[in-house]
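S.K.: Here is how the chains run, residue by residue.
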Amino acid sequence: MVKRILKRLLFVCITIFIVITFNFFLFRLMPGDIETRLQKSTASQEVKDRIIEESGVNKPWYEQYASYLKSMFSGDLGTAYNSYDGHQRVADIIWSRIPNTVILLVCAEILAILLGMFIGVVCAYKRGRPLDTGLLSASLALYSMPTFWFAMVLIFIFCSGLGWFPASGVKTAGTAYHGMKLVADYLKHMTLPMLCMGLVMVGSYAITMRSTMIDILTEDYITTARAKGFSTRYILFKHAAPNAMLPMSTIIALNLSVVFGGAIQLETLFSWPGLGMLMYKALNARDYPVLQGCFLISTVAIILANFLMDILYGFIDPRVKD
Amino acid sequence: MENAKRNSRALRRTLRRRKFGMFVKQVVGNRMALAGVIIIAFFILMAVFGPMIMPFDPTINGETVESKYNSPSWEHLLGTDSLGRDVLANLMSGARVSLFVGISATLITMILGTLIGIVSGYVGGFVDNLLMRVTDFFLVLPWLPFCMVLAALFDKNSIWNIILVIGLTGWSSTARIIRSQTLSVKEQQYVERTISIGAGKWHIMFRHILPNVFPLVFSEAILIISGSILTETSLAFLGLGDPSRPSWGMMLSDASSGAMSVGAWWCYIIPGACVVLVALGFTLMGYAFDEILNPKLKTR
Chain A
1 MVKRILKRLL
11 FVCITIFIVI
21 TFNFFLFRLM
31 PGDIETRLQK
41 STASQEVKDR
51 IIEESGVNKP
61 WYEQYASYLK
71 SMFSGDLGTA
81 YNSYDGHQRV
91 ADIIWSRIPN
101 TVILLVCAEI
111 LAILLGMFIG
121 VVCAYKRGRP
131 LDTGLLSASL
141 ALYSMPTFWF
151 AMVLIFIFCS
161 GLGWFPASGV
171 KTAGTAYHGM
181 KLVADYLKHM
191 TLPMLCMGLV
201 MVGSYAITMR
211 STMIDILTED
221 YITTARAKGF
231 STRYILFKHA
241 APNAMLPMST
251 IIALNLSVVF
261 GGAIQLETLF
271 SWPGLGMLMY
281 KALNARDYPV
291 LQGCFLISTV
301 AIILANFLMD
311 ILYGFIDPRV
321 KD
Chain B
1 MENAKRNSRA
11 LRRTLRRRKF
21 GMFVKQVVGN
31 RMALAGVIII
41 AFFILMAVFG
51 PMIMPFDPTI
61 NGETVESKYN
71 SPSWEHLLGT
81 DSLGRDVLAN
91 LMSGARVSLF
101 VGISATLITM
111 ILGTLIGIVS
121 GYVGGFVDNL
131 LMRVTDFFLV
141 LPWLPFCMVL
151 AALFDKNSIW
161 NIILVIGLTG
171 WSSTARIIRS
181 QTLSVKEQQY
191 VERTISIGAG
201 KWHIMFRHIL
211 PNVFPLVFSE
221 AILIISGSIL
231 TETSLAFLGL
241 GDPSRPSWGM
251 MLSDASSGAM
261 SVGAWWCYII
271 PGACVVLVAL
281 GFTLMGYAFD
291 EILNPKLKTR
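Protein chains in written order, with our numbering: chain A, 1 to 322; chain B, 1 to 300.
Heads up, a few of these hints could be off.
[Said to hold, decoys possible] In silico DSBU-like pairs for lysine-lysine, Cα to Cα no more than 35 Å straight-line:
(1) 156(B) - 70(A)
(2) 59(A) - 3(A)
(3) 7(A) - 126(A)
(4) 186(B) - 19(B)
(5) 59(A) - 48(A)
(6) 281(A) - 59(A)
(7) 48(A) - 70(A)
(8) 281(A) - 156(B)
(9) 186(B) - 201(B)
(10) 186(B) - 7(A)
(11) 48(A) - 156(B)
(12) 19(B) - 59(A)
(13) 186(B) - 25(B)
(14) 228(A) - 238(A)
(15) 281(A) - 48(A)
(16) 3(A) - 238(A)
(17) 126(A) - 25(B)
(18) 188(A) - 59(A)
Since the hints were made in silico from the structure, they are not lab data.
Next comes chain A alone, as it looks inside the complex (with noise of 0.2 Å):
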């Protein structure tokens, strides 16, 4: 065990090393470098000439890539262009958007767990049943889903149509609620990004423990349940259940990609300020570092999310030994 944890690890760090190296040769790439963007500022020649002495432009790129390398080790991820809430450092920037991210991101996958499952297990208790039909169309139109479009119709219905939800931001404009309150008023906000965020990932975990449930239903220990006189309901969430976990533990891990791809999506449409939305006004602002940050920031715990998942298999199937 201690041993399959170590190999791992040192395969995790190895990506991640590369991931660093593929990042900075790729924003070498980028079009507009620091002289340009000079030529266009009232500053004088000198601060100019500071600017991009500092900036190290004018270095070889194996010095540059040195202390690019030793600023990343210690945590520093340059200096944005534009300033965000009040930052300008990168790190700081990412480090006060992560939490409405991580807080979104966690409840809608739990959601959309639980969901799944359920969905799944009753999919396969009633295969071939109108009831199983209508579920997996159900699932896989959402899967086939953009999910800003989905939030659009989610908005339509529910902000414009019913007046139940606000449709953006974190808190209503104007008030400075304290305690109690102001979680109230948050979850209020989240409620809908939520909510769309998990059914639009509920498709593929209902489809997976879908076709994991039939194949276990015919095994010999679900017909001696039987025999045993348990109640179907019991059988189904005690005994068949857990088993399916396995498959449903990869299929979260592998999905973690595109649900930050989903979270890009509805925080930019939600006005959600997290990382996502982060991410997207980089990219139209063309702000480099800022996009550099959060895309190392996002793969690198993408790659720490699946490792721990890795390690989780040895705990959820002891048969997991390598």
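Dock chain B against the given chain A, drawing on the hints supplied.
M.R.: Showing chain B alone in chain A's frame:
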């Protein structure tokens, strides 16, 4: 000699035709496949002939207050958008762009994925190891951020850049699938026989292995088109669309900043539903073709 060659060619053609005939029969017999084919055929017809029969030019905008955000009427069946353009005309020319981007990007993805998969699986050893590590690396990169970063490499968003970005980001899972199929095809006896006759590596890979993995490549490609169209839509929403060629994604993107706040639902509900239908159509077709063409699934 000449005669025998001609005969064998004719025989092969007949066999291929019979195989294709069987394939068509199976598609028609499979309800999922048939539904997918009908949906896609409808949208392809719409993309090809729609713009020809529409009385409105989608690029013309009479930007007057009266022509903006007209709700659906007999004159404008699906209403008009923020610039007074006819939504139905836009929808038809948008179908061309969306389908074109989706199919071209998939072509790049499949060529890259198939090439890497076959070479990796057939050559093996060091080359396999290297190619698979590169593939693994591309698999872990988060999809949309990677697209955004690649797109930022270009100063302007042209349709070609977008095709390139989508094509370059999606090949890794295809390479994995093709590689595993190549590994099993490689073990078959006729490959050994061909080697013993003295055939070269490239000859075997492209004359013998490629035709055998092709059914898989084909059904995989159909599935990937749906993903490519969805990616194009998402990129357009994030501001990465070609403004001179408005796709469905661009229509949705425009609507999200304008039509949504004035309640002009016709500007985005229908274009979005079209994206969903096309993606669903390709997905249904892909899964059904996979069932028909994939020898592994057939035996079950």
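S.K.: All hints are to be evaluated individually against the structure, with a verdict given for each.
M.R.: Each hint, compared with the structure:
no. : hint            : verdict
1   : 156(B) - 70(A)  : 33 Å, holds
2   : 59(A) - 3(A)    : 43 Å, violated
3   : 7(A) - 126(A)   : 43 Å, violated
4   : 186(B) - 19(B)  : 23 Å, holds
5   : 59(A) - 48(A)   : 16 Å, holds
6   : 281(A) - 59(A)  : 30 Å, holds
7   : 48(A) - 70(A)   : 25 Å, holds
8   : 281(A) - 156(B) : 17 Å, holds
9   : 186(B) - 201(B) : 12 Å, holds
10  : 186(B) - 7(A)   : 31 Å, holds
11  : 48(A) - 156(B)  : 27 Å, holds
12  : 19(B) - 59(A)   : 63 Å, violated
13  : 186(B) - 25(B)  : 30 Å, holds
14  : 228(A) - 238(A) : 14 Å, holds
15  : 281(A) - 48(A)  : 26 Å, holds
16  : 3(A) - 238(A)   : 33 Å, holds
17  : 126(A) - 25(B)  : 30 Å, holds
18  : 188(A) - 59(A)  : 52 Å, violated
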